[in-house]
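**Q** What follows is each chain in one-letter form.
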Amino acid sequence: DARVTQTPRHKVTEMGQEVTMRCQPILGHNTVFWYRQTMMQGLELLAYFRNRAPLDDSGMPKDRFSAEMPDATLATLKIQPSEPRDSAVYFCASGLAGQTDQPQHFGDGTRLSIL
Amino acid sequence: AQSVAQPEDQVNVAEGNPLTVKCTYSVSGNPYLFWYVQYPNRGLQFLLKYITGDNLVKGSYGFEAEFNKSQTSFHLKKPSALVSDSALYFCAVRGRKESNDYKLSFGAGTTVTVRA
Numbered sequence: 001d002a003r004v005t006q007t008p009r010h011k012v013t014e015m016g017q018e019v020t021m022r023c024q025p026i027l028g029h030n031t032v033f034w035y036r037q038t039m040m041q042g043l044e045l046l047a048y049f050r051n052r053a054p055l056d057d058s059g060m061p062k063d064r065f066s067a068e069m070p071d072a073t074l075a076t077l078k079i080q081p082s083e084p085r086d087s088a089v090y091f092c093a094s095g096l097a098g099q100t101d102q103p104q105h106f107g108d109g110t111r112l113s114i115l
Numbered sequence: 001a002q003s004v005a006q007p008e009d010q011v012n013v014a015e016g017n018p019l020t021v022k023c024t025y026s027v028s029g030n031p032y033l034f035w036y037v038q039y040p041n042r043g044l045q046f047l048l049k050y051i052t053g054d055n056l057v058k059g060s061y062g063f064e065a066e067f068n069k070s071q072t073s074f075h076l077k078k079p080s081a082l083v084s085d086s087a088l089y090f091c092a093v094r095g096r097k098e099s100n101d102y103k104l105s106f107g108a109g110t111t112v113t114v115r116a
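Protein chains in written order, with the numbering used here: chain B, 1 to 115; chain Z, 1 to 116.
The shape of chain B in the complex, shown without the other chains:
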């Protein structure tokens, strides 16, 4: 079964540190999404890419968050500097644009704790 792979699964760090989360989309998928899940806000879309180009990052705090796709097999989400309010579970999902009746496929997330 093809899967979206996210690393690390867990990250605990101190406020002010840089955090990098990685995602390997399903091979052949050309659209990648980053979501954040918290108890208070639920599931929020932070950013998404198509063919490695950012299409929408309006959900992302621009001053500290950045998202990139260095190549088709890797998407990264960085937080610098991190703050306690960034503590959440971050999910990556991938899909194939053009097949709009198909679901997005989610990874198992990175659980981030900022102390």
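Rather than coming from a laboratory, the hints here were simulated on the basis of the structure. It cannot be assumed that every hint is accurate.
In silico BS3-like cross-links for lysine-lysine, where the CA-CA straight-line distance does not exceed 25 Å [said to hold, decoys possible]:
| # | chain 1 | residue 1 | chain 2 | residue 2 |
| --- | --- | --- | --- | --- |
| 1 | Z | K77 | Z | K22 |
| 2 | B | K78 | Z | K103 |
| 3 | Z | K77 | Z | K58 |
| 4 | B | K62 | Z | K103 |
| 5 | Z | K69 | Z | K49 |
Following the hints, position chain Z against chain B.
**A** What follows is chain Z alone, placed relative to chain B:
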């Protein structure tokens, strides 16, 4: 704009009883509708979808969902719930007019607890 409402934060049922998780949607034009399930410490897993055709859609793990255009609803159902169905369930919608965008709008989620 597209949106989804899941009116119940929690649903509690006894094992063996029918399970229903409610979802209503709002889109321009016809919708693509999806249900996902999330188990603890896992990502969202696709359960089923409605694209076109039969209003009753069958999916994984014995779940089904009924599309009702007049009521703009897409309720998830299972005739006989299992303890292992206890999880967080999300409804999602994508409008066909927004299909080039490929973004999904998710509901807030409904926590299902099935007691033995």
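**Q** Against this structure, judge whether each hint is valid.
**A** Hints, one by one, checked against the model:
1. K77/Z <-> K22/Z: Cα-Cα ~9 Å, so holds.
2. K78/B <-> K103/Z: 22 Å, holds
3. K77/Z <-> K58/Z: The hint holds at about 10 Å.
4. K62/B <-> K103/Z: Status holds; Cα separation ~20 Å.
5. K69/Z <-> K49/Z: Holds: K69/Z and K49/Z sit about 15 Å apart, inside 25 Å.
The structure fails none of the hints (numbered hints given earlier).
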